[in-house]
Amino acid sequence: MSTPGEMGTEPWPLWEVFVRANRGLSHVHVGSLHAPDSDMAVRNARDLYTRRNEGVSIWVVPADAITTSDPDAKGAFFESPAGKNYRHAVYYTKSEGVKHL
Amino acid sequence: MTSPADLSVVEREPSPEELQFNDLIAADSRIEPRDWMPEAYRKTLIRQISQHAHSEIIGMQPESNWITRAPSLKRKAILMAKVQDEAGHGLYLYSAAQTLGITRDEMMQQLIEGRARYSSIFNYPTPTWADMGAIGWLVDGAAICNQVPLCRASYGPYGRAMVRICKEESFHQRQGFEILLELMQGTEAQRQMAQDAVDRWYWPALQMFGPPDDQSPNSAQSMAWNIKRFSNDDLRQRFVGMLVPQAEVMGVTLPDPALKWNEETGQYDMSEIDWTEFDEVLAGRGPANAERIRRRREAHDEGAWVREAAAEYARKQSAREAVA
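Protein sequences appear in the order of chains A and B. Number 91 marks the last residue of the first sequence (the numbering used here); no jumps. Number 1040 marks the last residue of the second sequence (the numbering used here); no jumps.
Think of the hints as simulated: they come from the structure by calculation, not from any bench. Heads up, a few of these hints could be off.
Claimed, not checked - Computed cross-link-like contacts, DMTMM-like style, restricted to lysine to aspartate or glutamate with a CA-CA straight-line distance of at most 20 Å:
(1) K790/B - D801/B
(2) K883/B - D801/B
(3) K883/B - D37/A
(4) K1032/B - D29/A
(5) K759/B - D801/B
(6) K1032/B - E898/B
(7) K759/B - E734/B
(8) K976/B - E993/B
(9) K792/B - D37/A
(10) K790/B - E894/B
(11) K792/B - D949/B
(12) K976/B - E1007/B
(13) K976/B - D995/B
(14) K1032/B - E0/A
(15) K792/B - E733/B
(16) K883/B - E44/A
(17) K1032/B - D37/A
(18) K759/B - E733/B
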């Protein structure tokens, strides 16, 4: 399944851009752009998304290479964690008042 | 007994997707590209976001007019950075619009064929350096006022683009204020130049908020969809309230003799806006409409060989890699 916005009819493909703001942080999606190839996509991404030192590293990914979960199956697809609040620390209350727990 | 007439007023049952959309809007949550959305919501957003993108792109022209004639190297560098920002804003917004199912090429085609609208403010000429100040202070100021609430627009990609844009716009307004302030602290001729620019841009800037609430047919629906958060008149009033003290600091006079603080309403009274001028410019009879579109078309056509060559290079490179 392709990413929204990818039409396949435009002369330059669409790229999704991810920027690492600083060492120690993950690359985060910042937006998309058109470019003829990956080299130009990285350069365009630098000009478009890091004009004010917003990043130290850039990833570009062809938009049509991204597979997304089906939005229509939203409820069912993410159902598994529902009702499993024992996966969270706050579920366990008997240790309240006990230090370092 | 139920007659056929009674049946016709029974509303059709909304589909599950429609119910989900309505719930998301009611909860002030965000709609994302792959969600179901009413066709009218999609169309409204494509129209609004693409017009917004076009405005940023056309907005580069009045200012690029002064890059070669900026009064100092510092001002030239600032102006170039600002024009580059406008290009960036246009691209963020075209990307946001594309997630709704229109291509950038289609949008660009609509623009250069004169089938798309953009903010009519950019159809005014920029004859003096003080216009760079007035555009930053008044035009970008009005834009910020409009755009800050759009950061919370219900369509996710639009809101995210606006967050980025708003961060960058504040530099635009401040540099405009500074240009005018420096002129106002200069010679008599410079002060006159600053006042003249303010006189010319003040009313068009107030018109940027759109027609009065009682004549704005799409506003109610946009507000119901959480695209728009405040009415045109409310935003305009808020903007004027911010301008008055800023004008005092600068020493310029806002060209409205009726402008006066109203103790009772807690806001400024102001003159009626001349909407016939707004309508004329919107209809394409403004001072620079034809020139702006001609220039955009020229740039698009002259850049065609670059786009084609780059695409061809990329094609050959990937063919070579496939062989290797």
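To see whether the hints hold, each was checked on the structure:
1. K790/B - D801/B: holds (17 Å)
2. K883/B - D801/B: holds (11 Å)
3. K883/B - D37/A: OK: K883/B and D37/A at ~16 Å, within 20 Å.
4. K1032/B - D29/A: Holds, at about 14 Å.
5. K759/B - D801/B: Status violated; Cα separation ~27 Å.
6. K1032/B - E898/B: The given pair, whose Cα atoms are some 54 Å apart, is violated under the 20 Å limit.
7. K759/B - E734/B: holds (16 Å)
8. K976/B - E993/B: violated (24 Å)
9. K792/B - D37/A: Within the cut-off at roughly 19 Å; holds.
10. K790/B - E894/B: holds (13 Å)
11. K792/B - D949/B: With Cα atoms ~36 Å apart, K792/B and D949/B exceed 20 Å; violated.
12. K976/B - E1007/B: Violated, because 38 Å separates the two Cα atoms, which is more than 20 Å.
13. K976/B - D995/B: Violated, at roughly 27 Å.
14. K1032/B - E0/A: Distance of about 17 Å is within 20 Å: holds.
15. K792/B - E733/B: Since the Cα atoms of K792/B and E733/B sit roughly 52 Å apart, the hinted pair is violated (cutoff 20 Å).
16. K883/B - E44/A: With Cα atoms ~12 Å apart, K883/B and E44/A stay inside 20 Å; holds.
17. K1032/B - D37/A: violated (25 Å)
18. K759/B - E733/B: Measuring from Cα to Cα gives roughly 18 Å; hence the hint holds.
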